[in-house]
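Sequence lines, in order, name chains C and R. Going by our numbering, the first residue of the first sequence is number 1, and it counts up by one from there. Going by our numbering, the first residue of the second sequence is number 1, and it counts up by one from there.
Worth flagging that the hints you see were computed from the coordinates, not collected in a lab. A few of these clues could be false.
Identical chains share a label here; the pair holds if one copy fits it or two copies do between them.
[What the hints assert, rightly or not] Once the Cα atoms are required to be at most 35 Å apart in a straight line, the calculated DSBU-like pairs of lysine-lysine come out as:
| hint | residue 1 | residue 2 |
| --- | --- | --- |
| 1 | Lys95 | Lys22 |
| 2 | Lys3 | Lys395 |
| 3 | Lys360 | Lys3 |
| 4 | Lys22 | Lys3 |
Next come the chains, spelled out residue by residue.
There are 2 protein chains.
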Amino acid sequence: MIKRNPSIANIKAGYLFPEIAKRRREYAAAHPEANIISLGVGNTTEPILPHIDAGLVNGAKRLSTAEGYSGYGDEQGLTGLREKIAEVIYQGKVKSEEVFISDGAKCDIGRLQLLFGAGIPVAVQDPSYPVYVDGSVLIGAAGAWAGTGYGGISYLPCTAENDYFPDLSLIPENGLFYFCSPNNPTGAVANREQLGALVAAALRKGSVIIYDAAYAEYIRDPALPKSIYEIAGARTCAIEVNSFSKPAGFTGVRLGWTVVPLELSYASGEKVNADWNRICTTIFNGASNIAQAGGLVALESEGLKEIRELCDFYLGNAKLIRQALRELDITCVGGDNSPYIWARFPGRDSWEVFAEILEKCQVVTTPGAGFGPAGQSFIRFSAFGHRTDVEEACKRLSKLRITTDHTD
Amino acid sequence: MIKRNPSIANIKAGYLFPEIAKRRREYAAAHPEANIISLGVGNTTEPILPHIDAGLVNGAKRLSTAEGYSGYGDEQGLTGLREKIAEVIYQGKVKSEEVFISDGAKCDIGRLQLLFGAGIPVAVQDPSYPVYVDGSVLIGAAGAWAGTGYGGISYLPCTAENDYFPDLSLIPENGLFYFCSPNNPTGAVANREQLGALVAAALRKGSVIIYDAAYAEYIRDPALPKSIYEIAGARTCAIEVNSFSKPAGFTGVRLGWTVVPLELSYASGEKVNADWNRICTTIFNGASNIAQAGGLVALESEGLKEIRELCDFYLGNAKLIRQALRELDITCVGGDNSPYIWARFPGRDSWEVFAEILEKCQVVTTPGAGFGPAGQSFIRFSAFGHRTDVEEACKRLSKLRITTDHTD
């Protein structure tokens, strides 16, 4: 019989969010009367706004007409959408042939791991979005489990002590470094100086940055960069992953993109862009043509207004959550230029705090330990939710008294 | 600087269909007056029929309403769609929790290769859909290139001599065997006896069949099985990949599924289903909710009628192409229960025949060699096209005189 892939056997426990969903289901089964509110998974809740939704509807409608029907398109995406992203999102800082349309950032991260393979050292921010680590394990790049993390992965702590920005001297040489800003889960946003240092470190180390900008549209401070390509030198060392999920409410629609600059090369001189093209044409078949029709109108001026409006709504939620936590004297960061709030419970185990908040408030959160060892005494609150639910959750949280060790 | 992944460096030339598109573009540039017709890529051309398209439109419309909006769903797909596939397509022969909804068969094949990894012997029918081989190369399972194929892949010839059904004794032990029926490219459909022998061989060898049933809805002969699960024993040795692309015209919409039976286990006893679930939740985020809304109505009785009507249309095209080829005394198979016709040009190189047909008829086809060494003197004609184009292509083909070596 067939052998199990050792890389699959190497992966720990369940993927974080299905695990949370399971615990929520168990709690609901035991407490059928409970009205559980989720500030856990970063899942959009508000309807897609009219101009963008009309684009999706029209995309679906025209498939029933001889003139409007389309089958397989280019795996790299509609030329018009690639051009529009290059122009509107990057103001010409990237070229359309460097933009590859996808069915979302998570899926593209999986394909990027296939692109670079098992032989490259990997580093992540700690805490970080679990797919960077779990996907690296699946491809065989993570090494063996070593207690709190994988031996082949460098975890770069992002803590209150370093203002949630890692010590860049820890980036491995000739490797990959996943960097997310605005950060999931901490909500921290790297400033221009920090990103300058990041690019300089990557160039010095000969490493490639996988820059996850999925929350860029939540940035309101005009001094903060929305793309790594605002930084000189990034075109020779950074790939940027992005998505329509959080700005346009496309989490279910599935549309994202990845930028691979033509200047990005391997040690041997070949262009990474050409290999990425090969990956996308071989094991991917393009994002849905309906989703792409929606993406096109989302980048029109009316669509961009709707994106701003939708992000503003969730940022309004974030403000409420931050206030509620601060009134409880719980230290937190994020939520001003990002939809996540990262709250600290010194000396506590995050799964225990998760359980306590669920038990006392019937509010689902995300335990920080799910994002890496440095998340141990943190809880991530997501600002994605209906306003009434967020208000109700904040009211319940206001009664929360969680014992913490303030000497931690 | 970062090293290039040796598995990527190991892959040969371009992916077949982009390569054909390139040659077509070059021909068009050199002959701007030519009215080129494609019988090449298997890309659907006819509009989505009204009932199914209304399902897509409604799926898009309700995303703008508070009641109808949905964000991330389960990565495995809508429960209702999983149930409907289990019931309508498999008449209860598979369970809903064994059905995983995807953005298409090609993408799922890539993820299956990640599931099984680099350490498993791989076998393919020769000729076969290029993704089985190219994807295996990307994951590092193919070994080194060895002249006409990869050293680590067993190519099982499917030729006129064996009626396009391989010698099953060549399936490796404890490995993977990709089997496609109705076959792409040969158009051959395995009968019940052949599939019984296939399952028996897989069980004897301890190997897993990846059964690609993407063209099953083109089967018109009621004696031919549409699913591997019609065969006793398949639940312990076969994974089935399928798609809405060709039956419902969803090539651009992106919707498919994979069945991983709960009885399928590794040598060590763990269930493959659980690992597949882990892969899908880790590096995939579900098919588009709009596409899934379309899939749901496609499986209603009105939708199934439309699927039959659409497949009948393309089978009508196939009949015309077959007739045209037979009048030219060109031997061909397929096209009766499949949308592909596999035409033989004894003694000729298929890329040369491809170029000759393009030059003389302005018709794009697919050279057999692109599907494997045994495809060398064959051309695949695809029945996907507008009727008027297919009629015009057949008229042009009727003037074709291609020199072949009838002693081959």
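Hint check:
| no. | hint | in the structure |
| --- | --- | --- |
| 1 | Lys95 x Lys22 | between (43 Å within a copy, 21 Å between copies) |
| 2 | Lys3 x Lys395 | neither (52 Å within a copy, 53 Å between copies) |
| 3 | Lys360 x Lys3 | neither (46 Å within a copy, 51 Å between copies) |
| 4 | Lys22 x Lys3 | within (29 Å within a copy, 40 Å between copies) |
This entry does not satisfy hints 2 and 3, going by the numbered hints stated previously.
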